[in-house]
Amino acid sequence: AQSVTQLGSHVSVSEGALVLLRCNYSSSVPPYLFWYVQYPNQGLQLLLKYTTGATLVKGINGFEAEFKKSETSFHLTKPSAHMSDAAEYFCAVSVWGGADGLTFGKGTHLIIQP
Amino acid sequence: ETGVTQSPTHLIKTRGQQVTLRCSSQSGHNTVSWYQQALGQGPQFIFQYYREEENGRGNFPPRFSGLQFPNYSSELNVNALELDDSALYLCASSLRESGNTIYFGEGSWLTVV
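Protein chains in written order, with the numbering used here: chain Y, 1 to 114; chain R, 115 to 227.
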């Protein structure tokens with residue numbers, strides 16, 4: 001079984017500042033890791049994913065995440081926050097084949113201060 | 115746009131009733147999964163269908179059931195609705211052989227009164 005912990009239910013940053021959203025996972029087998037974003041009253045949009053290979057993954061809208069096996073982490077970063085980044089962010093884990101589906105964290109609400 | 119479409123977008127049901135939610139997968143995808151997202155929570159995996167057979171299920175009771183059709187569209191059926199079933203129901207599709215990139219629809223908001 002897998003699990004995900006997202007540290008901080010709310011994160012507030014100033015426009016132009018670094019965004020850091022934390023995600024730690026637990027998995028008994030090599031994981032696939034994902035970050036999704038959800039805007040109000042909408043579904044989930046895939047930001048980026050890690051499956052195998054390069055541990056630094058670049059996604060859409062300037063986001064990137066680094067898979068650190070030794071720390072069981074997959075933190076999401078963006079160098080400069082924009083007002084349009086305000087949303088709910090979910091980290092998720094699965095395994096190959098995905099018969100157990102995606103296991104999501106509880107989400108982090110990102111607030112951008114002008 | 116993910117190519118995953120769901121209907122209806124919003125509906126209200128009475129406790130004890132039954133509901134059917136529908137999902138059209140992204141073209142070429144052979145796997146569909148359903149998730150329940152309660153207000154303020156992360157999505158919870160309900161079940162998954164691969165080539166018309168259920169091949170994974172989360173911690174949901176049997177009154178949650180589903181179907182996947184030959185064209186890979188899908189239905190989620192919930193019987194004997196309870197107030198706690200009020201949530202956003204998300205459908206997701208993927209191509210199992212492609213490395214688990216899963217695309218979500220916009221969801222169906224169900225309110226049970």
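Simulated from the structure, these hints should not be mistaken for laboratory data.
The beta-carbon is built from N, C-alpha and C at its ideal position, and this holds for glycine as well.
A couple of the hints might just be wrong.
What the hints assert, rightly or not - Simulated restraints, written as ranges between beta carbons of each label pair:
(1) Y:S3 to R:N169: 38 to 46 Å
(2) Y:T52 to R:R129: 23 to 31 Å
(3) Y:E66 to R:G130: 30 to 38 Å
(4) Y:S84 to R:W223: 17 to 25 Å
Unchecked claim - Straight-line Cα separation of at most 25 Å, SDA-like style, residue types lysine to any residue; simulated pairs:
(5) Y:K58 to R:L153
(6) Y:K49 to R:L209
(7) Y:K106 to R:L153
(8) Y:K49 to R:Y217
Hints and how they fare:
Between Y:S3 and R:N169 the CB atoms are about 21 Å apart, so this pair departs from the stated range of 38 to 46 Å. At roughly 47 Å, the beta carbons of Y:T52 and R:R129 sit outside the given window of 23 to 31 Å. Restraint check, Y:E66 to R:G130: a C-beta distance of roughly 49 Å breaks the suggested window 30 to 38 Å. Roughly 24 Å separates the CB atoms of Y:S84 and R:W223, a value that falls within the hinted 17 to 25 Å.
Taking the CA atoms of Y:K58 and R:L153, the gap is about 30 Å. The hint is violated against a cut of 25 Å. Distance check on the hinted pair: Y:K49 and R:L209 sit about 15 Å apart at the alpha-carbon level, within 25 Å; holds. The hinted pair formed by Y:K106 and R:L153 meets the criterion: a straight-line CA distance of about 11 Å does not exceed 25 Å. In summary, the hint linking Y:K49 to R:Y217 is supported, as the alpha carbons are separated by about 12 Å, within the 25 Å threshold.
In summary, the numbered hints that this structure violates are 1, 2, 3, 5.
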